[in-house]
Every structure is written in C-alpha cells, then in structure tokens.
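Asker: Here is what each chain is made of, one letter per residue.
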Amino acid sequence: MSTPTLLPRADPPSYRALDALTTGASGPEVWRALGAEGLLPRAYRDGDPRRGLEPGELGRLLAAVDGRFSLGTTLAVCVPLATCLPLLARAAGPASRTLSDALRGRTVVALAATDDTAGCDLTSLNTEAVFDDDVVELNGTKRWITNATRCEALLVLARHRPGPHFTNFTWVLVPADAPGVHAEPADTDLFDGSGTGHLSFDHVRLGREHVMGGVGRGMSGFAAHIASERLAGALWAVALCRRVLRDTLHHLRERPYADGTLWHVEGIRQRYAAALLLARQHQALTAGLADAVASGRDATSAAMLKASAAGTVERVLDECAHLQGAHGFRRGGPQELRAQAALFGIGGGTTEIVLSVMAGAATDLLEELDR
Amino acid sequence: MNATFENLLTPFLPYLNGNPLTEDSRLHDLGLNSMKAIDLLFTIEDELGVSLPDEDLNDATFATAGALWNAVQRAGTGQEDRKAAA
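Residue numbers (the numbering used here), protein chains in the order written: chain A, 1 to 371; chain B, 1 to 86.
Among the clues, some could well be false.
Said to hold, decoys possible - Derived list of chain B stretches under chain A, where covered just means 3 residues or more per stretch with a C-beta under 8 Å from a C-beta of chain A: (1) 34 to 40; (2) 59 to 73.
Said to hold, decoys possible - Pair by pair, the computed Cβ-Cβ distance ranges are: (3) B/Gly49 x A/Glu128: 31 to 39 Å; (4) B/Asn17 x A/Ala274: 28 to 36 Å; (5) A/Val130 x B/Thr10: 32 to 40 Å; (6) B/Ala3 x A/Arg280: 46 to 54 Å; (7) A/His250 x B/Asn17: 54 to 62 Å; (8) A/Thr117 x B/Arg74: 33 to 41 Å; (9) B/Glu55 x A/Arg205: 53 to 61 Å; (10) A/His203 x B/Ala3: 50 to 58 Å; (11) B/Asp24 x A/Arg106: 50 to 58 Å; (12) B/Ala3 x A/Glu128: 35 to 43 Å; (13) A/Arg161 x B/Gly76: 23 to 31 Å.
In case anyone wonders, no lab produced these hints; they're calculated from the structure. Quick caveat: nothing in here was measured; it's all calculated off a predicted structure. Cβ atoms here follow ideal geometry from the backbone N, Cα and C, with glycine treated the same way.
Chain A on its own, in the form it takes in the complex (with noise of 0.2 Å):
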C-alpha cells in the first residue's frame, strides 16, 4: 500500500521548532513560533497566499500544530492561515502591511464574520459600515470568533446598505485597539488557547483604506475564500483521526482483559477497524479534491469535504471515545476532543448548509460517479 501524501509517517525536522513551547500554548505563542521559523508561507503556492493553498504542506503543517496542541490552539492557528491571509492578499494599502506582519508570525489576525444573528445566514448580519467621505465606521457585534480576545487585527465583515444582496456587505480591517472596539471572552471551557470571543464595535472610525477588496465584495470575498478553509479543516480532520485513532489502539493494546490485552478481542477490534476505514475514506477524498479546491474557486468539492470531515471526525472519535472507557475522560482525551470537535459541523457552515451546496451540484456529482 502507498504512502499517504498529504501527510507524512512523521513530522519533518523543521516543525520541530514547535517542541520549544509547551503543550499548553496558545494559538498566538504558537503563530508567532511558526512565523519566526518561516513556516508559516509554506502553506501557500510558492509562498504566496494569492496563489492559493498549498495542501500538502498545509495539512503537514496543521498535523504538526494538533499533534503538539490543544485544538483550541489548531483552531487559532488554522483560520487566519486557510481564510485571513489569503483574503488580505486581496487587498492593498494597510492590508498588505498586516499580510506581511501575519506571514512573520508579528500578527495575529481574527476573521469576524458571525453577527449577533444566526452564523448559518451571514446575509441577515447586522454590523454596519457606514461612509462619511474618507471614513468608514463601524458599528455592530460578532459572536465567537477565534483570535477574538488575542489578535492585533480583525477582518470584520459588514453591511453598508440594508437587505440581503450579496452585494450589500463590505470587508474592513480594524486594528483590534482601534477605539471603540471591545472584546470579550467566549464563555466556555471549551476551545482553550483560541482567544474565541465576543467582539463589539462602537463608532469605530477609520480611514477608507481600510475597506478590503472594494465596498461590496464582502460575500463574494467570503465566498472566494471559504473553499480554502473547508479544505484546510478536512486536512486537519485527517490528523485529528490520525492522532486519536493511534492513541486509541496504544491504549488498546496496552489495557489486560482477561489472557491478553482489549486488542484480542475481536469485536473490539471490528469497531476499531471501521472507525479507521472512516478516516481512510475522508483522507482518500482530501486527496482526491485537495488541488481542485485550492486552485480554483470549487465551491461543490469544498463542500463535500466540509460535510466529510464533519462526519468521519463525530463518528471517529465517538468510537475512540466509547473503546478507551473511562479512560476516554481524561484531561485532553478523546470525551473532551469531541465535544470541541463537534465545531466541525458548524464552524464556517454547517454540515446542513454544505449538504445543500451538494445537493444544488447533484446531477454534476453524479456524472463524476460515472467517470
């Protein structure tokens, strides 16, 4: 059987620079450490996040970050790299200037999209961008957004006319000590090393070069970018199971019942086989759509990946969980990973809204089946 290629047997040497920082950074100390070793353009097409992504070395970069991390940590470092990046490459003026700080691992950027209204309809959002000549201000709330509490720029989406036109919205990039802009922590247990939190704005003024990409391409700016991170979560979900599934057959193996260990037995060993063939189907279709998502704008493989790894990262780690007893209830096991995990069924949509992008694209689907 062939090697998988998205991701390695093991780490390479240079994301070994990562050991330096405890188990328990956050997702900033660990941006700024990727940064500081030139690690963190890898992700990208030649380096350069207009070209797109580079999976390979994204999903050899986000196993690195989940396997030495918390996933509130992955977290905090995967969205600014699969969405922030790429969309301030889009842009000039003091976008160019975060681009560069960001890719140095100097800036910590959050993607604040989700409004005080419902995440799953982002056209019904409620901040707003109001234009007085050279100024633009900002006036609204988000609602859990990662990096909130812990980044230096926030990539706010608002609306600058009313009514749900993909073209009413407008991308601005606030500095997070601009005044009148408030954070506060998320209150949860969950997503720890994330900074997720609440944001608000309050007559935030700022100079008109701070709108990103042009006054109305804020859903189109979303939508251009929203592949990447889809394509970026399934790889990770590929090095959640990967990790998770390792740890589980450890403990397997390692556990006596009765003559031998939990690995004899044999019903034992089918529920673990299944659960592994899941994490084998989610990573043979990552690699199948990886480059068709990251070279273009793919919006129907995005989405099946999206609803993948969802699926194969609950079932996954439901079934780890459940095999490793109550020894799944420790600080960090696999009970505590699916209850974060289970972001990946609503973070940057959910598995709902992603199964309907399929289902608009079913009678293209079906004629790939026939290829």
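Add chain B to chain A, keeping to what the hints say.
Answerer: Relative to chain A, chain B alone:
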C-alpha cells in the same frame, strides 16, 4: 447582449428551460440565487476580463440580464479607457 455574454449567463439560470434570454429577463426568477450570483460575478471577471466597479455592485445590476450586460459593457469600456490613458 452578445452571444458570448448570453452563453456565459445561461448556465446560471436553471429555470430558463431553453426559453430565449432577453434584456428584460429577471435573473432571480430564473434561478440566480446569491451563491450563483457570486459565481457569476467570478465568471464574468475571469472569462470576460472585466471587473465591475464598486458603484455597479448592487441588486439593480443583477436584477435583469440587460442591466448586467450594461454594467459589463461599462466596465469593459472603462478599463479600455484606463488602458488608453496609461
């Protein structure tokens, strides 16, 4: 509207059902939802090589085939003028 534009637009209109596309054809009624409209914007910019200006990014531009065609023409003319001036 020219044939190139009509050929580009038609795949985004699932309810056109082979009927002729006119300048008055209402795009939303023909199945152009938000996601398809964003894809259409990308396709226009990629395949026709024009970038719609900010002032034309509004619901009126995407209301009818004729309105979108007019915006594409304006964008093309504007870009040619800018090239000539440079």
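Asker: Hints the structure violates: just list their numbers, smallest first.
Answerer: Per hint list: 4, 9 violated.
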